[in-house]
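Engineer: Residue strings, one per chain:
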Amino acid sequence: MNQSLRETVKNLFAKGKVKSVLGYREHPLSQAVVATLITRSEDADTLIFDDRCVQNLARALTRDLPLPVGIVVKGCDGRAVSMRITEGDFAREQVVAIAMACAGVKADGKTFDERCQRCEMHVSPLADVTVGDVSALPKPEKTRAETIAKIKTMPPAERFAFWQKAFEPCTHCYACREVCPLCNCAVCVTDQNAPRWIEQTAKPSSNLMWHMIRAFHHAGRCVDCGECQRACPEGVPMHLLDLCLAEDVEELFDFKTGVKQGGKWPFLMFDPQDPDSWLGGPHRG
Amino acid sequence: MSDHHEPRIVGFLCNWCSYAGADLAGTSRLKVPANLRVVRVPCSGRINPLFIFKALEEGADGVMVSGCHPGDCHYISGNRYAKRKLAVIRRLLDWVGVEPERIHFTWLSASEGARYAVEVAEFVEQVRALGRRNPMARQGVAS
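As given, the protein sequences belong to chains A and B, one line each in that order. Its first residue numbered 8, the first sequence is counted upward by one per residue in our numbering. Its first residue numbered 72, the second sequence is counted upward by one per residue in our numbering.
It should be emphasised that the hints constitute simulated quantities derived from the structure, not laboratory data. Nothing here was measured: the structure is a model prediction, and the numbers come from that model. It is possible that some hints are incorrect.
Estimated spans, in silico, between C-beta atoms of each pair [unchecked claim]: (1) B:Glu77 to A:Lys157: 32 to 38 Å; (2) B:His140 to A:Gly116: 56 to 62 Å; (3) B:Pro104 to A:Pro202: 36 to 42 Å; (4) A:Gln280 to B:Leu101: 32 to 38 Å; (5) A:Gly287 to B:Glu77: 22 to 28 Å; (6) B:Asn86 to A:Ala67: 41 to 47 Å; (7) A:Pro202 to B:Gln197: 28 to 34 Å; (8) B:Pro104 to A:Thr208: 33 to 39 Å; (9) B:Pro104 to A:Gln280: 32 to 38 Å; (10) A:Thr208 to B:Leu201: 26 to 32 Å; (11) A:Gln199 to B:Val110: 53 to 59 Å.
Below, a sample of chain B positions facing chain A; criterion: calculated Cβ distance under 10 Å [said to hold, decoys possible]: (12) Lys125; (13) Lys154; (14) Leu164; (15) Val167; (16) Gly168.
Ideal Cβ placement from N, Cα and C applies to all residues, glycine included.
Could you put together the complete structure from these sequences and hints?
Structural biologist: Written out as structure tokens, the structure reads:
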């Protein structure tokens, strides 16, 4: 796969389709896989793609890069790039998606990540070129519904206790925010101090506020790359809450993030037929 | 201290309809429970989820949001956008384990003073019935 990736990138440079490419390379000293930006065709030989490429490079996309920029994307990363185009961060022609046939990645080096085990989109829906054999990709072993089922069945008090315990180790380091491909607010709400909406001290109420607002901002935007949870030094399962809301958004608005090109984020539009039943009545649990 | 706990509820009312409806309830000499503390907002579409979460964190026992009936928005469609946001806010609160009964969303026009009084009274009783403190309330906040 590395060889065909390199050929593809060289080809894109030769045809003038890209001025730079974001990809993965192996660090010469540590052998760790790191993100890299190349601007010359000959550097394409440093690019790699394998199951160690855990990072979501959509985070590194900025308009400061030499555009058009090529980006090596897994399925989830491609959805994030697609969402950023939908949100107007980039024009479609400014980004060239190099979609990899991704079988999943292994953050721990041994087993596929949880996100990959339930992955339904091994190849990016946004693809200008595709690299690798897309016919030989694994089927999902579990579903999102199974993942969130345990929360769904808890009574409210137990649910609240579950999240209190889950968020308890949070130190408000905001690694989850820094790594998220779609956390691009100019000033994050937690950094605003007049008024101070979310306290930055780690305590039960502010932990909950931060993770609730974080989840709400990602409702209908989260692409399930799971980077937040991977980056968390304390192992807080905040991505679980994103998954819960993703289910709601799909159910309410029939919207799956970054899959279809064009369209709008469901909160930026409405349907006059939206039912009032959304606002009340009995609910699950 | 007695065990008696009077619920405190924050109400976000749209300037153009529900707030005037609340005013009508007052000028009509209708009895409206004093448990509701009203915040006037320019439109239900102005309501940021932060408002609701912050009210709960600061110890409100319930939050009521009321805007214009769909189709009657002063800004044409602010309440329709609000409906989508509120639908997800409601579900998010449910996911984290805050009882959905603490949240009440409704549409009230400026002429519905009587209905306003009834809605508020019913909601206050609904929150009172939950009994215990809002779980989201931060430590140290008086209950």
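Engineer: With reference to the structure, classify each hint as holding or not holding.
Structural biologist: Status of the hints after comparison with the structure:
no. : hint                             : result
1   : B:Glu77 to A:Lys157: 32 to 38 Å  : holds, 37 Å
2   : B:His140 to A:Gly116: 56 to 62 Å : holds, 58 Å
3   : B:Pro104 to A:Pro202: 36 to 42 Å : violated, 28 Å
4   : A:Gln280 to B:Leu101: 32 to 38 Å : holds, 34 Å
5   : A:Gly287 to B:Glu77: 22 to 28 Å  : holds, 24 Å
6   : B:Asn86 to A:Ala67: 41 to 47 Å   : holds, 44 Å
7   : A:Pro202 to B:Gln197: 28 to 34 Å : holds, 29 Å
8   : B:Pro104 to A:Thr208: 33 to 39 Å : holds, 35 Å
9   : B:Pro104 to A:Gln280: 32 to 38 Å : holds, 35 Å
10  : A:Thr208 to B:Leu201: 26 to 32 Å : holds, 28 Å
11  : A:Gln199 to B:Val110: 53 to 59 Å : violated, 19 Å
12  : Lys125                           : holds, 6 Å
13  : Lys154                           : holds, 5 Å
14  : Leu164                           : holds, 8 Å
15  : Val167                           : holds, 5 Å
16  : Gly168                           : holds, 3 Å
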